Amino acid sequence: MNNMLSMNRRRLLGSLAATSLGAAGSGVAGLARAQTPGTLRAVVASDLRSLDPVTTPGVTIQHALMVYDVLFARNHALEVKPQMVADWTVGDTEYRFTLRPGLEFHDGSKVTSADVVASYRRWSQRSASGQLLATLVAEAREDGPTSFVIVLKRKFPAFLEVLCDPVTPMFVMRQADAAKPATEAVTTAIGSGPFRFVPREWLQGSRVVYVRNPNYVGRTEPASGWAGNATAKVERVEWISIPDPATQVAALRTGEVHMIENIAGEQILEARKDSRIELLDNPGRGAYTLAILNQLHPPFDNVKARQAMLHLVDQDELMLGATGSPALYEKCHSFFACNSPYASDEGAAPYRRPDPAAAARLFAEAGYRGEPIVIMMAAEQPIWLNISQVLLAALRKVPSLNVRPVSMDWGALVARRANKSPPGSGGWSIFVTTGASTSLSNPLMHFFGRANCDNAWFGWPCDEQAEQMRTSWGDLATDAERKAAARALQARWFQQTVPFVPLGFMKTTTAYRKDMIRGVLSTPLRAPQWNIELLT
Amino acid sequence: MAEAAGRARLPVRPWLDRIPRPRSLPVSLAVATILLFAVLAVAAPLIAPDPNLIVPRERLQFVGVRHWLGTDGLGRDLFARIAHGGGISLTVGLSVAVLSSALGLLIGLVAGYFRTADLVIMRVIDAIMAIPTLLLAVAMTMLAEPSVLVVVAALVVPDVPKVVRVIRADVLSLRTRTYITAAVASGTGPAGILAVHLLPNLLPPLSVQTSYICASAILQEAGLSFIGAGMPAETPSWGVIVAENRQYFVSAPWTILFPGMCMAALILAVMVLGDSLRGRYGAGAHAGP
Amino acid sequence: MLAYVLIRLGGSVIVVAVVSLIVFSLTVISGGDPALIFAGDIASAADVEAIRLRMGLDQPFFKRFFGWAFTVLHGNLGTSLFTSTPVSSLIRQRLEPTATLTVATIVTSIVVAVPIGIMAALRPDSWLDQLVVASCSVAFAVPGFIVGYVLIYLFSLKLGLLPVQGYAPLSSGLGNTLRTLVLPTATLSLVYVALLARTTRAGMIDVLAQDFIRTARAKGAGTVRIMFRHALRNTANAILTVVGLGIASLLGGVVIVETVFGLPGLGRLTVDAVMNRDYPVIQALILLAASLKIVVNLVIDLLYAVVDRRIEV
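Chains as they are written, first to last, in this note's numbering: chain E, 1 to 536; chain R, 537 to 825; chain G, 826 to 1138.
Note that these hints are calculated values from the structure, not bench results.
Here the structure is a predicted model, which means the values were calculated and not measured.
Even glycine gets a Cβ: it sits at the ideal position worked out from N, Cα and C.
Just so you know, not all the hints are guaranteed correct.
In silico EDC-like pairs for lysine to aspartate or glutamate, Cα to Cα no more than 20 Å straight-line [said to hold, decoys possible]:
{"id": "1", "chain 1": "E", "residue 1": "Lys180", "chain 2": "G", "residue 2": "Glu874"}
{"id": "2", "chain 1": "E", "residue 1": "Lys304", "chain 2": "E", "residue 2": "Glu464"}
{"id": "3", "chain 1": "E", "residue 1": "Lys180", "chain 2": "G", "residue 2": "Glu921"}
{"id": "4", "chain 1": "E", "residue 1": "Lys420", "chain 2": "G", "residue 2": "Glu874"}
Ranges of calculated distance between the beta carbons of each label pair, as one might list FRET restraints [what the hints assert, rightly or not]:
{"id": "5", "chain 1": "R", "residue 1": "Val601", "chain 2": "E", "residue 2": "Gly519", "range": "46 to 54 Å"}
{"id": "6", "chain 1": "R", "residue 1": "Ala574", "chain 2": "G", "residue 2": "Val843", "range": "39 to 47 Å"}
{"id": "7", "chain 1": "G", "residue 1": "Ala1043", "chain 2": "R", "residue 2": "Val567", "range": "32 to 40 Å"}
With the C-beta cut set under 7 Å, the calculated list includes, among others, these residues of chain E facing chain G [claimed, not checked]:
{"id": "8", "residue": "Thr183"}
{"id": "9", "residue": "Gly205"}
{"id": "10", "residue": "Ile242"}
{"id": "11", "residue": "Thr254"}
{"id": "12", "residue": "Ala412"}
Throw the hints in and build the complete structure from the sequences for me.
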């Protein structure tokens, strides 16, 4: 029970933090240096290490959202909306885009089509849909100073969906920067986005600093998701590095930070107890958990063994172990994200309830002869470790399985999963990973659904028919056709490919002090910091 | 002189006499505690359920009839995990402590007493101290699959130099004492001096170090397991239990409190024993200036 | 004395070189591939190869090691494989929090622990003494992050007196820096106070039982005089050793405290570098840590001679 005095003290400290009086000693949060008024302090998922969103995924993309602008962006409903593009025309296989007037980079130079084309070329080599783009696009070229053209190899109605990639967005860099090969990192951060990066105040592992870009030309539509008016409404943003999740919540409670961009599990339950903290209500926000099976070697080179895994999974148990509360997860038996229009229950019926007996039977039918099942467990992440351990326990329910759990650090796991040797000789059989809903949203851009054998992701699922169904999905024009094709594909996935084993959906969200800021936008991942205002 | 007579008697006593007979309550309690944990560890498979049985629906339960000490975040029985874990922590702690102490004592004695050996040995010790434990542990668990042996080895290597430095410092100080000079003058060889005169005087500070190493080994092992460079999967040492329940500190503090209390009790017992050993040899063992 | 120092320093250079080689080997043995880790989930095999080439990882072992050694001898600590920033600036940025935390912890530990150890030693086996021993043992056993969480809860959340996290550099004023260091120092010091207090106590008990103390008492010297002139001096040896070991392990980085309190120090940098197999950063950090430890050991050894005049150096 807080007494009045401590409540007042907290409010005082909170407002001190918000207005950031400068110099020595005033207020718990106004410590380090004379701070400009109007500084938003946020905690993001991890430390910023690289500045180049093309070479490095993760938090670098969040950084890129601040300093770069994009051609198209997804709004709250995940529809594709133009950002830097003013308008465009679509021919048979030719797309012609025109940029909005007045777009400038932070160094004062104008944004031209040369910058866009160079950025496109570099991005398309490394993007999550890179393989797809290579098969789709014939050429990309400038067409005047503010227009550019992309010519496809064949008619493809879903092209804009691919271009507006929510997982690895295409950011527009200066031509000089984009000229670097896609395997060499760009070390500057000069974009045309709503914020400017302040390199000399970047303390790696401690703090990243951005200031408002006064020359940013925002759109007129209201901000929604990543689209609309992305104008910054604070003078300065600081990303504070706090590695410990419990400390992050403590810092939010004292007002030392205004928002935690990604909060999960136990910390959500903690934050709920404080009435000043608001948790964004965003049903699509979270992590889909998957078990990846090595399909190169026994037992999972046999479809029955893979289906046996589907029978073993008890999503309630897995998710309860991972998140701690039924309020923090949802079951999802589809291979697509359950909030995607293409999710369905097609083919999922046999696997809704866990059935270890059926699993044992299927393993036997697959001719399992005691080959080692090596499950790699990365010990550093408590949530992933919990899931792996519950999965391990599930595997143990089939006595004939020769299960070998191996714990290792993340670096070792990354190395070992690239190893195509048999599990017993330095390879692996199973590991657990996660993906945002945007990575499982439709057949074409499904990050984990590729079944093109050697070129697929780790696990190397190999199913030509499924792959054909998946890639041709993009040629369909009507909604009804697309949904039907998605259902058919999922049926095939359940029957034959089993590209991965869905383990459930963990909800995450953004937490912020509603008495200190407002305007936080709801997105499937990476809440942007434009549109946020400080309340004083 | 009295000490000379005392010293002459020391090495002649049969080893049985050297076992400290508990002279006070704290020491009795300490011995009892250690025996209790050892017995518990041995009996665990008989009296406790499977420590790795995961039942998420029963997660984070407090003390109760079904689960004597409650359950952790995955519904595993805490009493089972603590009972099984005791054996592992004891093994790790004692192995590391005994091995490091023995090696450290030997090397420290030689380094402290022989000037030329000192220069070389201490440079090697400097080198070993400079290698971070973390890197060593990660490397070792890569070379060989994680196991208790690997963890013990990874912890012994950085601890030996610490013991060496303590022993060496004491030897440097002791060897200037008159009785040493007297012994040298009377023709006692280096081996004799090391064994008869120096060794008994080093056991008191060594026992302090040993108990500290035992304690820190148990804790360090937790740190290594925390990042995946420690115990093999499904090995519930106390350190692992504390580390994996770290996230439940606010919602279920008993998951950390119980294993933590056991660790504290064990460490206290080890230290009290260490002190009593020192007491046995302490009074009168040091001679005059 | 001077000759001794020079010989020690000369030997140390060799030691540092050997350690560098050993650590380099260990990182290679640790498996893991910085190119793979850096490339992330999305990269194709071709991409990873290109990254590996750019990082110079395709070169044979000794060529890489001597290439690194060569650049270091020319004063360049290399570039981080992950951030593409110079290692020297990385280290420079993160040195101060670790250094100030270390100094604060050592000072606090000595100031708190030595008097406690002395008090307990003067009344061996009394209830005070047994309380001290028991408290020290408990203090060892409590995991660092628990102490941290409890302190944060009490002093930051409940009382609002101190910040939860972060580090204020010295340039912003000593007061600010100290405020951000209070809780981390308290957390770290707990263990060192426990160790130092026990060492002091054990050493003092031994010394106080010796003949020359009895002689001094018989001559009529007061307790305080005995303590400072005779007892403490003889115990200082042991205290110094433990302090030296403490500095060495503190400098190695105290990851738990840096993680809990969000201090951007060398501890976290080391762990991240090892986990990422970021060779240039690891090598540079080891150089730094090894050199510092060697210097610390040398200073401690010299102090032995100063404090205990009977030891020749």
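- [ ] Please flag the earlier hints that this structure goes against, numbers listed from lowest up.
- [x] The structure breaks only hint 3.
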